[in-house]
Every structure is written in C-alpha cells, then in structure tokens.
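Chemist: Quick note, the sequences are listed as chains X and V, same order. For the first sequence, position 172 (counting from the first letter as 1) is numbered 172 according to UniProt numbering, and the numbering increases by one without interruption. For the second sequence, position 278 (counting from the first letter as 1) is numbered 278 according to UniProt numbering, and the numbering increases by one without interruption.
A hint or two may mislead.
[Stated by the list, open to error] Cut-off 30 Å, straight-line C-alpha distance, at most; resulting in silico cross-link-like pairs (BS3-like, lysine-lysine):
| no. | chain 1 | residue 1 | chain 2 | residue 2 |
| --- | --- | --- | --- | --- |
| 1 | X | Lys231 | V | Lys214 |
| 2 | X | Lys172 | X | Lys135 |
| 3 | X | Lys135 | X | Lys231 |
| 4 | V | Lys192 | X | Lys135 |
| 5 | X | Lys360 | X | Lys231 |
| 6 | V | Lys214 | V | Lys192 |
[To be verified] Pairwise CB distance ranges (calculated):
| no. | chain 1 | residue 1 | chain 2 | residue 2 | range |
| --- | --- | --- | --- | --- | --- |
| 7 | V | Leu134 | X | Gly16 | 31 to 39 Å |
| 8 | V | Gly131 | X | Asp69 | 39 to 47 Å |
| 9 | V | Ala209 | X | Asp69 | 17 to 25 Å |
[To be verified] Over the 10 Å line for every Cβ pair with chain X, so calculated as not near, a few chain V residues:
| no. | residue |
| --- | --- |
| 10 | Ser42 |
| 11 | Leu113 |
| 12 | Trp118 |
| 13 | Phe133 |
| 14 | Ile204 |
| 15 | Arg250 |
| 16 | Thr284 |
Hint data in this document are derived by calculation from the structure and do not stem from the laboratory. Here the structure is a predicted model, which is why all the values come from computation and not from measurement. Don't be surprised by glycine CBs; every beta carbon is placed ideally from N, CA and C.
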Amino acid sequence: MARLTLDNVTKRFDDGDDEIVAVDEVSVDIDDGEFLVLVGPSGCGKSTTLRMIAGLETVSDGDIAIGDDVINDVPVQRRDIAMVFQNYALYPHMTVRENMRFGLEESTDLSADAMNEYVDDTATLLEIDELLDRKPSELSGGQQQRVALGRAIVRDPAVFLMDEPLSNLDAKLRAGMRMELQRLQDELGVTTVYVTHDQTEAMTMGDRIAILNDGILQQVATPLECYHRPKNLFVAGFIGEPSMNFFDVTREDDRLLLDGTGLEYPISASIREDLDDVTDLVLGIRPEDVEIVEGGGGEHDFPIQVDVVEPMGNENNLLATFEASDRTINAIVGGMRHVRSGEQYTARLPESAVHLFDRKSGRALHNRQIDEEEKLLEPHI
Amino acid sequence: MTAAESAETTSREQETSALKGFDTQRAALYTVLLGLIAFYLSPLWGGLTTAFKTDTGFLQTTPLIPPTPEWFTLEPWELALATMQGGLVNSMLFVVPATILSATLGSLAAYGLTKLSWRGQVGILVIFLAGVFLPYQSVLVPLRQFWSAVDLAGLLAFAPFLANRADLIELTITHTAYGIPICTILFRSYYKTMDDEMIEAAKIDGASAFGIYKRIVLPLSMPMFAVTLIYQFTQVWNDLLFALVLVTARSNYVVTQSLNELQGSMAQQYNIQMAGAFIAALPTIIIYIVFGRQFAQGISGAS
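The shape of chain V in the complex, shown without the other chains (with noise of 0.2 Å):
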C-alpha cells in the first residue's frame, strides 16, 4: 500500500467515525429535548382537552387523554367567553395604552439616562433602580389611599363616559408608572451598546437633543420596543393584585377578575375554568407572535 492510498483509509475510517459518534449525541439530544417538550407542554396539553370535555367526560377520563366524541363539547368556551367577554374589553382597554406609555416613557427616560450628560445622573438611576425591586404588595395601601383622595371620578364628571371608567384610568395610570423603571433599565442597556460617535455625529450635524432621539435613537431601538411591549403586555395583563384593589365597579372588572368569577362558590367546573384561562391567554400569545423576530433581535442585542 502506498503511502497516500494509507493516508486515504485512515482518513475515511476517521470519517465513518466521527459520523457514528457524531448519531449517538444527536440522538441522546433529542431524547432529552423531546422529554423537556413533554415535561412542560403536558400540563397545557391537560388544560387544552379539558376544555374540550363535559363535566362527566372530565371525571371519568385521566386529563392527558384527548376528548372522544361521546364526551367533546364547545360549551366551556362559549359559557367562559359569555362570562369573560366584559373583562377581555376592560382589560384591552387600559392594558394597551399602560404598555406604550411604560414602554414611551422608559425609553425616553433611558435616552436622557445615557446618551446625554447633566449632574445628579446616577442619584436618579438608582430611584430607576428601587423602583423595579418594590414588590406589588408593600405599595397597595398606600395605592388605595392616593386614588382615594385623588377621586378621579370626580374629577372626570365633566365626562361621563370617561368618569364610569375611572377605575381603568387608574389602572392605566399605575401600570405606566409601575412600569416606567423596569422598561428604562431594559431601554438603558440597549442605548449603552449604543455607538456614542453616532449620536455625536448627529450632534455635530445640528441635531438637538430631542431630534437625535426622534430621528436616531428612536428608530433604532425598535427590536428594544418589542422586547419591552411584550413584556409589559404580560405583566400587566396578568395582573390582578392592582385590578382587586383599584376596580371597584363590577362594570369594569378586568380579565384577571372575570377569570376568577368562573370559580363556582359549590361545584368545581375546571372544563369552563380552563377554557377562560386558555381565553385568557390567548391575547398575550397573539403578542408575542407579531413581535417574536423583533423580540428575538432585541434579546440577543443585535440592531
């Protein structure tokens, strides 16, 4: 055997089995990330063929086991859908705009936080700070008694439609304020990677301080906004601590609180329960569908 005929072989045996080590960690991977697939999708999966059975079909029947057609029925959806309908509006109504406002204002508070200079800067990012470690719970008096003497109905008589909403209003105002620090923080990392020489050029192309952040920084942060829309929209929708203390009229319960009233005071019926919260949820996946690129690009810091 030559010597290149030799070298040939051995090259191909090196092949052959790298390609056999290479199989046997694919599949062990697979293995692991199909369990993980089951692991977390089996309690959603639970709740989805749930939805789909009657009351029987759901105490005869192990969860897991899909609704055959002696037991499917829609009537969950309908019955929660007819009981959640007011909530999914009232909540719409005070989530969207408490999201973009969060979002807004906390990109417009990291702008002045990094890519600008004045004195008393980092005093003020360490209120950002604090601000994102107060839990829910220590402020809900106090939030009871500011909007208790803030009377906003009051002060909306002028207007009644907007009066009978006063309690969403209120909401809104306490989301957008709740979300301000953990939006700028969020804002603030992404304008730190931030070329500084192309805000400096922009200064040097007679750009004021508000124009480099319209026609500069703004555009740019896009991928940012997503992230930050997103996040807000979850955590704001999903809340009820805030929604139980502030919403008094029951016209203006929220999704939470509609959710919650499905809870029968006697009898358990988890197919209605898990269709609202399927329901529920439904908004929040939507979001995340038409902005997962965006949202993707954001999270890896890529603009």
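If we strip away everything but chain X, and leave its shape as in the complex, we get (with noise of 0.2 Å):
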C-alpha cells in the first residue's frame, strides 16, 4: 500500500513523420488507500495513463513514483502492482485456482501450503471458492470478472490497476459489481487507480476523479464537485446523465441574449461580478434544474413546445423546443408529473442553477449556487 504519484507524465508515440501526443504532462497525486477514477472518451490518453502506471508503456517524460521510489524504469515484473483487465485476460488452460496462484508462483517464495490458503482465503472473499477447480471457459463472464479480480488482489500489490473492469459485464451484474468493487477497496485499502469511460462508473465508484480528454487533464476532484462546479466546459458536458443543456450567450449588460431565438436572459450583479468582461458566453443548465411550470411569465421563463418524452417511471425525460427558434432543451421532472408531448408549457431556468463559460477558452467563469456547500463537497475518503 502507498502512494502514488504522478508527476508532469508525458506520452509521445512517433506516427511517421509525425509525433501524437497522447498524454500530456499529467500530474496527480493518489493518496494511500484512494480510489481514482480516470474517465474520459475514447482516445483520451486514459489506457496510456494507466499502462505507463503499469510499465506496459514507457513514459516519454515525467515522473511516476509509488512511495517516494520513481518506478519509470523498474521493469513490470518488479512493481509490485496488479491490474484488472478489460476482457479479463485469465489463462485459459490452467483452473481458476492455478490462475490465482500464478502471480504468487512468479513473484513471492511462498511455500505451497501459503499460496493455497491466500488463494482459498481470496477465494471466499468474493465467493468464488466453490469454483477453484474450474478452467475459465467454464465459468459465466461475472464469475471471470470475479476470477480476474482475485487474481490481483491475492498478490496484495501496492496499487491496484483497473482497465474498464466491468464493461464487458450486462448493466444489472454491472451495477451490482460497482458496490461490491467499492465496498472490496474500502476494505483492503489498496491504493486503486480505475479507468472507465462511463461517467456513471466515475461518478459512483471514485473517491475522486480525474477527466481526461485529448491528453491533457481537466480536472481532478470528488465527483459532487466535478458535478457542480466544473473547471470547463469539457468537464460540464462530460460528467452527467443526460449531460448539461449549452447556450451560446452574449452578454450585454445586465442581460444574455440567447443566439438565434432573440430571448434575453437577465442576470444580477452577483453573477455579473463573475464574469469580468467576457461578453461571448456560453450558459450552461443541467436538465434536473430546468423547472416546467404552466403559465409562468417570470423574467427567467420562456415558452416551449414539449416534442419528445421518455418516461423513465420514476422520472420524465423531455426534449422542448424553445417557442420562434430550432433551439432544444433537455429536462427531467418527475415521474409522477403528466407531460404531454406537442403542448405548450414553460420553461423556468433558474438562475441559482446557472452556469457560464467563457465561449473562446471554455472556462468556467460562474458555477451555480450550492446550499450548505461545504457538507456537500467534502471528500468521502
């Protein structure tokens, strides 16, 4: 167990002529005992990340250190890690017993008897000791999932490694195994550093989160606070479900007017003071905050038409149109509330519940208002 550090972690493969960056001067520090979540899109540098981590890839520049030692040129069979992958990677003629064992085998002088009763102890832990003299083609993909998971926590390595452990896995078992992998990592303790491109994953799993995107870190902080108060706009649309609604806005005075729809926006001078004097702005509203009111006539409430409705049961998904223009809108009322597609209502956005970015660099200028926000944003650890 310790800590893991990454220090300025650069990753440059040479494509012919050309030299594609694919992780750019990372730097995050995961604390002994933490569960990071890496997410971000396809092609994001995330895998990279992880398998510098690993020493499956070398690290062009930068530092990566567990404890106070810099691992960079340590070879993978010396550090002292143990990775989950994608589709499991067991060894397909030996029983999951001889699967368990084997990193015990390569890495440590234990007697046999040891390694048997880590293995049979590990075994129960995740309930897979019924399953011990099985090979793996034999077994369900959940009970593989579980095999490759005992796999690296009977070596009790100092970081666990997780490469989108659970994607191959149906949403029910997925779900599921998301508490359990979180309730195992509370127990042991293990410093885990966990790359998903599912937001959800993220979001639930993470002591704190990390979000990639071209390479280049975007923010790194527990999920509540990536949620409400991202650092970008990348951020902001990527973490939530169904993502944020955009606006470009440009701002005149004390109003936004809305691009296209010639809807003005008033804001009050808290906000204005956030804004310096950025005039192309892009305002951002989570669906959940989007209230629907009939009647309205407030100076934050604009009609629209109700076009598509996704009754979720305990919630409605909807998809307006803003009266006069080809703008949509997402939002989410309850799921007891009568919606019906093709009528009138209005829209209520909030102005608590407003975010805005700087259009041109993406940054975040104002997130919106949080009651009680410090209870909300402490980390879990």
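Fit chain to chain and form the complex, with the hints in mind.
Modeler: If you want it as structure tokens, here you go:
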C-alpha cells in the first residue's frame, strides 16, 4: 500500500514523421488507499496513462512514483502492482486456482501451503471458492470477472490498476459489481486507479475523479465537485447523464441574449461580477434544474413546446423546443408529473442553477449556487 | 376454408417442396463427393491391389481388379520390408529429432518475434521469410561443400557409434535448419492471434519472458505443434534430395533411398515397389492419425 504520484507524465508516439502526444503533462497525487477514477472519452489517453503506471508503456517525460521511489525504469515484473483487464485476460489452460496462484508463484517465495491458503481466503472473500477447480471457459462473464479480480487481490499489491473491468458485463451485473468493488476496495484499503469511459461509474465509485480529454487533464476533484463546480465546458458536458444543456449567449450589460432566438436572460449583479468583461459566453444548465411550469411569466421563464417524452418511471426525460426557434432543451421532471408531447409549457431556468463559461477558452466563469456547500462537497475518503 | 386452415395448408405445401429441393441437392452433392473420392482413391487402390498380386497376376489383370486367390501373395511385402528395414530405422533416427527440433525452435523464434519487443524484428523476420522460399536444389552444392569442410565424422571420432552415424546427424541438422523458417511463420501467425492482454497479465504477475513462454504460450501452442509436427515429419520423411547429397555410407541409407533401391535395374517388379511405397508411407499415416484432432484444431485456429 502506498501513495502513487504522477508528475508531469507525458507520452509521445511516433506516427511516421508526426509525433502524437497521447498524454500531456498529467500530474496527479493519489493518496494511500484512495480510489481514483480516470475518466474520459475513447482516445483521451486514460488507458495509456494506466499502462504507463503498469510499466506496459514507457514514459516519454515526467516521473511516476510509488511512495518515494520513482518507478519509470523498474520493469513491469518488479513494480508490485496488479491489474484487472477489460477482457479479464485469464489463462485459459489453467484452473481458477492455478490462475490465482500464478502471480504468487512467479513473484514470491511462499510455500505451496501458504499460497493455497491465500488463494482460498481470497476466493472466499469473492465467493468463488466453489469454482476453484474449473477452467475459465466453464465460467460465466461475471464469474470470470471475479476470478480476474481475485488474481489481482491475492497478490496484495501496492497499487491496483483496473482497465474498464466492468464494461463486458450486462447492466444489472455491472451495477452490482460497482457496489461490490467499492466495498472490496474499502476493506482492502489498496490504492486504486480505475479507468473507465462511463461517467456513471466515475461518479459512483471514485473518491476522486480525474477527467482527461485529448491527453490533457481537465479536472481532478470529488465526483460532486466535478458535477456542481466543473472547471470548464468539457467537464460540464461530460459529467452528468443526460448532459448539461448549453446555449451560446452574448452578454449585453445586465442581460444575456440567447443567440438565434431573440430571447433574453437577465442576470443579477452577483453573476455579473464573475464574468469580468467577457461577452461571448456559453450558458449551461442541467436538465434536472429546468423547471416545467404552467403559466409563468417570470423573467427567467420561456415558452417551449415539448417534442419527446421519455418516461423512466421515476422521472420523465423531456426534449423541448424554444418557441420561435429551433433551439432544443432537455429537461427532467418527476415521474408522477403528467407532461404530453406536442403541448406548450413554460420552462423556468432558475438563475441559481446556471453555469456560465467563456466561449473561447471554455473556462468556467460562474458555477451554480450551492446551499450548504461545504457539507456537500467535502471528500468522503 | 378459414384463414387459419388455409395458412396451415400453405405452410405444409412449402414444407414438402422444401424437402424435395433438399433431396435433389443432397443427391447431387453425394454424387459429386463420391466421384471425387473415386478419383482420389483409385491410384491408391490400384497400388494396393498390385502389392498383393504375383508378377503374373499383375501382368494378366488390370490394376484396379482385386487379387483373386490364384494370384494372391504376401511375398512382395516381405521382400520390400527386408530391403527397407535399415532405411526405416535410419529415417526414424533422424526424422524424429529433426521434426521436434525445428518445431520447438520455430515456436521459440515466433514467440520472440510476436510477443517480445526489440529493435530490428522486421529485418530478422524477412530473413526467416526468405528461408521459406529458398528452393532445395539451390543449396545442394554449398550444403555438400559445407559438410565436407566440417567433417562431422572426424569431430565425432571419440564416439564411434555417433561417428558411424555422422551422415544422419548431418541430415538432422540440415533439416532442422531448413524447417525452422516455415515452422516460425506458422507459429507466428498463431501467436499473433493470441491475446496480448493475457501476456501482459502474466508480466504483471511477475513472470519473466521465458517464464511466460514456458507456462503460458507453450501449453497453449499444442494445436500448432500438431500442425508443425505433422507437416515437418511428412516433409523430412519424404525427402530424397538432401539424403542423396549427404548420405554416403550404404549403412546409413534412409527410407526414400531404400525405396529407390527396390527399382530393379533390369525387370520392373511393380508389386514389390508398390508394397515398398506403402511401407514407406505408413509412418506418416500413423502420425496423421495420432495428431489428427489437434491438427484440425490448429488449422481452424481454435485454441
């Protein structure tokens, strides 16, 4: 168990004459026992970062350290890490027991009895003790997943690396495994780096999440901080499902003009302070913060027509169009609320829930108001 | 007639017509297959009947007619076996090690060329590839010169048993060297489909490059070993050219050479030659039967 430090880690690939920067000066400190989720769209460099930590890729620049030891030049075999792969990568010709023992046999001098004891204990922990004599081909996907996990846990490494380990499971199983992985990680207290493209996994599992795009680290923070206080447009759009609504707006003194609609959105003095002198802005608001009201007439109310209603049971996802334009907006209302498609409503965009971004740089200038901010955003490590 | 009834009738009609079409198709398929079987098996059948006939029997009947009791004899087999006994033993002595060596070395080389990363791989691979396309005939003279220069018999003089068999050892080494390229290419295509993440998992588990080969790659290579063993065994067993150039002592004659000896200089005794051909082919047939299942697995790429 140890702290894992990434200091300006960079990875460049040669592509003929061109050089592709897959990971660009990423720096993160991962505390002992912390669960860090590395998330981003495909091709953002998250897997490359993980593979550099594992030693499967060389580091072009910067340092990776476990504890105080820089491990850039330590071969894979001696890094004291364990990794769970997306397709599990079990050894097909070995039984579950042999799969789990393999790492112990190759990296320790334990006696056969001691190894078997470790394997048995881990198998019991993961509830796969009944499967120890089976071959991987005789197991279901969920069981193979557990064996892959067991193979990593049994070695008691300093760091766990997980590369989209749940993406091959069906949705139900995935939700269950998400909880279980968190429980296990809590119990074992091993520093963990978890790579995923699924923002739900990132939100629910991580102590902190690190969001990558185009090889550049966008934000490292607790899930709720990323959700409520995104540092830029990319984070705001990536975290949250369905994603945040964005509208290009132009500031005119105390009003925002919604481009292409002729609609106006008045802003109060406290928001104006945050905006400096930037006039080209993007207004963001999360679908669940959009209120659908009847009548209306307030200064932040806009007439809309509901086009699509997706009933989810607990809530309804709406897609609506602003009247007199083709701008659409997503909104979420309660499941008991009766909303019909094709009808006129009023959408209220409360000023307290609005985010504003610099359109050119994407930087967040103003984030939404949060009551009891400290309570909500403090880390729960 | 109600709608449901009429629907039922049409579906039944469709069924019968489908069955009819199926039958004619089947019949055509079997006719073609039987024709092909007859085409491929008739030479073998002719050889087999000839090997059981006396000389007169062979001359007075067409080859495809089975031997009648009047002309039935086992003598050709006995005569052929007597002449070829030494050759069979000698062939076994060098074919088995040459086959195993070239398959093993080819597998190791392919592992190095696919699952390990190092500079200059492509260059080495090109050399291996070139080795596959080198015709036997083009190396005969340099090969003879090489083994004359090395004088293996002299080098092995301390062990008379080995020195007497120097020709066979030369053949073993030559065939191993000549077999490595094709074995490497075969194993390479197999290893390229092998899951890279599994190799990486083994690395992370602490296994060394050779440890991964021994414990992961080698056990998973068995189907491809069956393919290369069958291929190499057949190739080396049936070779006459290298043997003619390298084997000088009559006591070291290999099976193809002894088969060649059955050909009389004056009279052609076809029945003995046919019996000899079958005796010479027997070991390769046995190898096919023994490794057949893995061979099929290896060809289809299932692991």
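Chemist: Looking back at the hints listed earlier, which ones does the structure fail to meet?
Modeler: 1, 3, 14
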